[in-house]
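*Asks:* Read off the chains here:
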Amino acid sequence: SQLAEENPWALSVHEGESVTVNCSYKTSITALQWYRQKSGEGPAQLILIRSNEREKRNGRLRATLDTSSQSSSLSITATRCEDTAVYFCATEGYAQGLTFGLGTRVSVFP
Amino acid sequence: EAAVTQSPRNKVTVTGGNVTLSCRQTNSHNYMYWYRQDTGHGLRLIHYSYGAGNLQIGDVPDGYKATRTTQEDFFLLLELASPSQTSLYFCASRGTGRYAEQFFGPGTRLTVL
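Residue numbers (the numbering used here), protein chains in the order written: chain A, 1 to 110; chain B, 1001 to 1113.
FYI, nobody ran anything at the bench for these hints, they're computed from the structure. Built from N, CA and C at the ideal position, the CB exists for glycine as well. Any given hint could be a false lead.
[Said to hold, decoys possible] Anything over 12 Å on all C-beta distances counts as not near chain B; from chain A, calculated: (1) Ser18; (2) Ser28; (3) Glu41; (4) Cys81; (5) Thr99; (6) Val108.
[Claimed, not checked] No more than 25 Å apart at the CA atoms, straight line, and that leaves these computed lysine to aspartate or glutamate pairs for DMTMM-like: (7) B:Lys1011 with B:Asp1038; (8) B:Lys1011 with B:Asp1062; (9) B:Lys1065 with B:Asp1038; (10) A:Lys26 with B:Glu1101; (11) A:Lys56 with A:Glu82; (12) B:Lys1011 with A:Glu5; (13) A:Lys38 with A:Glu82; (14) A:Lys26 with B:Asp1038; (15) A:Lys26 with B:Glu1072; (16) A:Lys26 with A:Asp66; (17) A:Lys26 with A:Glu15; (18) A:Lys56 with B:Glu1072; (19) B:Lys1011 with B:Asp1059; (20) A:Lys26 with A:Glu53; (21) B:Lys1011 with B:Glu1079; (22) A:Lys38 with A:Glu5; (23) B:Lys1011 with B:Glu1101; (24) A:Lys38 with B:Asp1038; (25) A:Lys38 with B:Glu1079; (26) A:Lys56 with A:Glu15; (27) A:Lys26 with A:Glu55.
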């Protein structure tokens, strides 16, 4: 089973709307990372939120972390078509190799 | 911006074939990683390295060898390729800071017929 899992599997929104992806994880963490993967590209980090942080912002992105329930969320406000991608949460294992969930496919339509 | 490049971008081989995937990073990062990405499994760690000459096994190492010849170059070797190794392969590099970011290459799509 996955150590990190995003939900829902997929989301569709129109430009300008907000979207939230949720993540649940099954291991103790020092930090949780959110990545985005656009079609034909490798994943790229969006936000890293440390275990002693409850919220982290990066422009239109906002991540939350609740270590008691082992859950996190990533919200994107004022979405744009270029936000269309698969979004992953990832936890860091030994030697800082990452364990990813299966991802949430977000589609933003004009 | 950190740079990780991979070659080839696409490769087709036959069962039993010998394949080498190449990765180069120009960021002076110590850590380098090989992942494979498959539908239904997500990204999984194959091998990783702390530095030139160092090799460590990841979560799905069977059928793969790796070699880190320099700090910049990390290779993934499939000596007897099988159809189950058809996948999208990503290389990544990372610095040594506790919360350092991993930078991924663009991927190599490998098809084993």
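*Asks:* Hint by hint, note whether the structure agrees.
*Replies:* Hints, verified against the model:
Non-interface status of A:Ser18 relative to chain B is upheld: no Cβ of that chain comes within 12 Å, the nearest being about 25 Å off. Chain B leaves A:Ser28 outside its interface by the beta-carbon criterion, the shortest separation being 15 Å against a cut-off of 12 Å. Residue-level check failed: A:Glu41 sits 6 Å from the nearest beta carbon of chain B, not beyond 12 Å. With a cut of 12 Å on Cβ distances, A:Cys81 stays outside the contact zone with chain B, its closest approach being about 21 Å.
Chain B draws A:Thr99 into its interface by the beta-carbon criterion, the shortest separation being 8 Å against a cut-off of 12 Å. Consistency note on A:Val108: stated as away from chain B, and its beta-carbon is indeed over 12 Å from all of that chain's, at 22 Å minimum. Annotation: proposed proximity of B:Lys1011 to B:Asp1038 holds, straight-line Cα distance about 16 Å (limit 25 Å). For a cut-off of 25 Å, the pair hint linking B:Lys1011 to B:Asp1062 stands: about 20 Å separates their Cα positions.
For the proposed pair B:Lys1065 and B:Asp1038, the alpha carbon gap of about 19 Å is at most 25 Å, so the pair holds. Between A:Lys26 and B:Glu1101, the direct Cα distance comes to roughly 21 Å. Compliance with the 25 Å bound is thereby established for this hinted pair. Between A:Lys56 and A:Glu82 the alpha-carbon distance is near 22 Å, which keeps this suggested pair within the 25 Å criterion. Simply put, B:Lys1011 and A:Glu5 have alpha-carbon atoms about 31 Å apart, too far for the 25 Å limit, and the pair is violated.
Proximity of A:Lys38 to A:Glu82 is assessed by CA-CA distance (about 9 Å); at most 25 Å being required, the pair is judged to hold. For a cut-off of 25 Å, the pair hint linking A:Lys26 to B:Asp1038 stands: about 21 Å separates their Cα positions. Among the hinted pairs, A:Lys26 with B:Glu1072 is inconsistent with the structure: their alpha-carbon atoms are about 34 Å apart, more than 25 Å. As the CA atoms of A:Lys26 and A:Asp66 are separated by approximately 12 Å, the hinted pair is consistent with the 25 Å bound.
The hinted pair formed by A:Lys26 and A:Glu15 fails the criterion: a straight-line CA distance of about 33 Å is larger than 25 Å. Pair hint A:Lys56 plus B:Glu1072 does not hold up; C-alpha atoms about 32 Å apart against a cutoff of 25 Å. For the hint linking B:Lys1011 to B:Asp1059, the alpha-carbon distance of about 23 Å falls within 25 Å, and the restraint holds. This hinted pair checks out: A:Lys26 and A:Glu53 have alpha carbons roughly 18 Å apart, not beyond 25 Å.
Distance hint between B:Lys1011 and B:Glu1079 is fulfilled; the C-alpha atoms sit about 14 Å from each other, no more than 25 Å. Using a Cα cut-off of 25 Å, the hinted pair A:Lys38 and A:Glu5 holds, with the two alpha carbons roughly 19 Å apart. Note on B:Lys1011 and B:Glu1101: the hinted pairing is violated, with a Cα-Cα distance of about 28 Å set against a maximum of 25 Å. Between the alpha carbons of A:Lys38 and B:Asp1038 the distance comes to roughly 15 Å, so the proposed pair stays at or under 25 Å and holds.
For the hint linking A:Lys38 to B:Glu1079, the alpha-carbon distance of about 31 Å lies beyond 25 Å, and the restraint is violated. At most 25 Å may separate the alpha-carbon atoms for a hinted pair to count; A:Lys56 and A:Glu15 meet this at roughly 23 Å. Note on A:Lys26 and A:Glu55: the hinted pairing holds, with a Cα-Cα distance of about 20 Å set against a maximum of 25 Å.
In this structure, the earlier hints numbered 3, 5, 12, 15, 17, 18, 23, 25 are contradicted, and the remaining ones agree with it.
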